[in-house]
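> So the sequences go chain by chain: A and B. Residue 1 is where the first sequence starts when you use the working numbering, and the numbers rise one by one after that. Residue 1 is where the second sequence starts when you use the working numbering, and the numbers rise one by one after that.
Hints in this document: simulated from the structure, not taken from any laboratory. Be aware that a few hints might be false.
For the chain B half of the interface with chain A, some residues (derived, Cβ under 7 angstroms), not all of them [unchecked claim]:
1) Ile140
2) Gln143
3) Gly173
4) Val174
5) Asp182
6) Met185
7) Ala188
8) Gly190
Where a beta carbon is used, it is the ideal one built from N, C-alpha and C, also for glycine.
If you want the building blocks of each chain, they are given just below.
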Amino acid sequence: MSLEIRALSAWHGRARILHDLTVSVAAGEAVALLGRNGAGKTTTLSAIMGLIPHVRGTALFNGVPILGLPPHRVARLGLGYVPEDRRVFSDLTVDENLAVGRQPPRPGVPAWTPERLLTLFPNLAALRRRRGGQMSGGEQQMLTIARTLMGNPSLVLLDEPSEGLAPRIVDQMIQALRAMKADGVGLLLSEQNLIVARHLCDRALVIEKGHLVHHGPLADLDSNPAIRDATLAP
Amino acid sequence: MDFLVIQALTGLASASSLFLVASGLSLIFGVTRIVNFAHGSLFMLGAYIAWTLTDALGWADHAGPLGFWGGVLASALMVAALGALIEIVILRRIYHAPPLFPLLATFGLALMIEDLVRLIWGPEDLLGPRAPGLDGAVTILGQKLPSYDLALIALGPLVLGGLWLLLHRTHWGVLVRAATQDRAMVGALGVNQARLFTGVFALGTFLAALGGAVQIPREAVHHALDMQIIVEAFVIVVIGGLGNVAGAFLAAVLVAELNAFGILLFPRIGLVLLFLVMAVVLVLRPHGLLGRPESEPRAAVAPTVDPWRPTGPTGWAVGLALAGGLALLPLVADAYVLSVATEILIFALFAASLHLMMGVGGMVSFGHAAFFGLGAYGAALATLGWGAPMAVGLVTGPLLALAGAAVAGWLCVRLSGVYLAMLTLAFAQIVWSVVFQWQDVTGGDNGLLGMWPDRWASDPAVFFWLTLGLCGGAIALTRHIAFSPMGYALRACRDSVRRAEAIGLDRARAQWVGFVLAGGLAGLAGALFAYLKGSVFPDVLGIPVSVDALVMVLLGGLGSLTGPLVGAVAYKTLAIVVSSWTDHWPLILGALIVGLVIAAPDGLTGLAHRLAAAGRHGRRAGRS
Ligand SMILES: Nc1ncnc2c1ncn2[C@@H]1O[C@H](COP(=O)(O)OP(=O)(O)O)[C@@H](O)[C@H]1O
Ligand SMILES: [Mg+2]
């Protein structure tokens, strides 16, 4: 068992955003975290990373309690985070962006180098000296995933990676994420719809207004259009 | 002509020291977002310790150049270690506090260091040693230039090159640049921010102290260096672009040359020139010469977590009861206590007006004294110039402040964050210089004397009641504004400019109106202050008065409408009480502020809330 979360609640100021979520991701598994805009997906992922001060519940990552740890400690345990607004360092070149993510190799986890990553994201290869701020949205999304992989994570939290990207770019990204999964890296993928999740994930969790409303195999959602249409964007 | 070349070279030599200080300040701000008010104090400490090592302990005499430069370097390293300690012990605890709050801690530190320096080294100016081997002069175009100046001219580019290599060619430097853009993301990628911050703070402090240490052969060391240098360093950092080292270099050269030539061209308004240039640069390039807009604009003032509620019946009852209670004060208090109480009331209004600008409007001001002072001079000119009664002065004062705020606000609302704050400081300094120089009208340094209240209000009790009525009314007005449509518009712009504009709010107009109103209310406080003191001096426009206002607002807590009042009462009372006990009140006050910042990062009102909540919790736990 890689990530195991019980009764996770989180607050923004006084507003309670998450209500006792239970989430688990086995080693090397890809799980979709689905829900409409404002459902609490970003809050869930950032709470796991230690980016939200007011949280309650328990979260074990490979048996280590991580709730309440500062983000860098969580990251160093091998939990990677790709935020929804990408947040590449716009003044830094591609190579420098990758360097920021660099962490020592971890036993039992694929060790990434810039060279290996560039075969996974071929369109970054020609841009190594380009500044992050001068890249297209798709290139930035590839870079932010590559940057997180430089930390050699065993599980990556991906927040709506397909948002705002052209379908062709989304396809490229899915290829890269599949290769990553094939290497044994686990995924917790947040999305508003099923488009990307179908290609990568086996299981899905659906949240609405911070409550877990459904979980099970992804296929369940297709056989249960009532839940799907009530909780997901078309 | 030849003389001008020498003047330019002297300017370049000064630029090096300025660049060292400013690059340190810029790095620290870039990564930690701390506006480090104590940076000038660390510069000063560098100069004093270098003086002790090279001169008092005689390193320069005994060991020649090695001793001198060794002393300079040792001093910078010692101060850098102190900087690291400050970061670890104090600042690290408050990174999660609202932005700007750490400013308060660094202000407390600056107070403490200044007083400690006076305790250790005494109040006299200290003349530094000459640099062995560089104590001669070289002749350039028939004019003499100290060799030491040439060495300094070389030092600036050398340090710039070294910093560039450090920031671009080392892993640590890449992390620093990344953190300058998005420190939370750097943390989420596994970088220990705390360690990074300590390193940056130590480096920045090292540069400040080095800047101070290399100055000792050129300028006497004294304990007012801190404020002198911090203002110049802020100006340079802002002109160059926050967090940008190359920009700091350019701006340091610009400022140093302006100083060198401004004195020749306009001996009387050298300082104004500096701030005028800054104002022009900021209006043309709102992020400084080489600065870039932030990728994700951050609110200068954190959105309030607890929504504010309009004053309810209980609130009004408490407010009226408080005012009623205060109105009874003249029955029991003597004239001295009454005048202190009057002053506190005036400063409560002053703080409330700054809170309207900062807490409600999200516009941080480092120059709020401008409007306080304009109010005081507006009243004084009417009373003394036209012989008008006090009632007229209490109108002309605020009107002059309103007019000043209309002009300043028109420029300021084009900017945001620290840039805006610096433009307000520039405006205040320009007004100060004008008042200082325009002797025929303002009396210059001698001030305007003998403007007492009209006879009907000359009794301290009557003047106290008058102040209570006017300040109470004005403070109630600031509350009213916060809950008017205009207050909602201001608060919307404060919390998110983008979203506010997306729903069709005219941000610039709303902020301008808020700015002008806040200025006018500060002017009323200033006018009352002038009548209370019976005189006006240019000091009322000075940086210390602006800083006082800032401290009162932050101390009380930005996130609450009552905050500025609590802060004003607490700060003024403390200052008055502690300074009546001891000469070392800056040390004690500074320590109290630092302690308070650590204990209550959300200000006094935040502390009160938490204590009350804990009390409720405790009672509930006790019952079950
Ligand atoms: N910084 C914040 N302060 C207050 N409320 C927030 C903040 N961020 C998000 N929220 C609220 O939390 C809820 C969940 O948001 P989020 O986790 O971003 O949803 P999602 O990622 O699923 O779109 C929303 O109602 C949003 O308005
Ligand atoms: Mg989201």
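> Taking 7 angstroms as the limit, does the beta-carbon of B/Ala188 come near enough to a beta-carbon in chain A?
This hint holds: B/Ala188 lies near chain A, its Cβ roughly 5 angstroms from the closest one there, short of 7 angstroms.
> Holds or violated: the hint that B/Val174 contacts chain A, with Cβ atoms closer than 7 angstroms.
With a closest approach of 5 angstroms, the B/Val174 hint holds.
> Tell me if B/Met185 is really an interface residue toward chain A, meaning its C-beta lies closer than 7 angstroms to one of theirs.
5 angstroms, holds
> Report holds or violated for the interface hint on B/Gln143, using the least CB-CB distance to chain A and a cut-off of 7 angstroms.
43 angstroms, violated
> Does B/Gly173 meet its interface restraint, that is, does its C-beta lie within less than 7 angstroms of any C-beta in chain A?
10 angstroms, violated
> Given B/Ile140 as an interface hint, is the shortest Cβ-Cβ distance to chain A below 7 angstroms?
Violated, about 40 angstroms.
> Using Cβ atoms only, decide whether B/Asp182 comes closer than 7 angstroms to chain A, and label the hint accordingly.
6 angstroms, holds
> Once the shortest beta carbon distance from B/Gly190 to chain A is found, is it less than 7 angstroms?
4 angstroms, holds
In summary, the structure is inconsistent with hints 1, 2 and 3 from the numbered list given earlier, while agreeing with the others.
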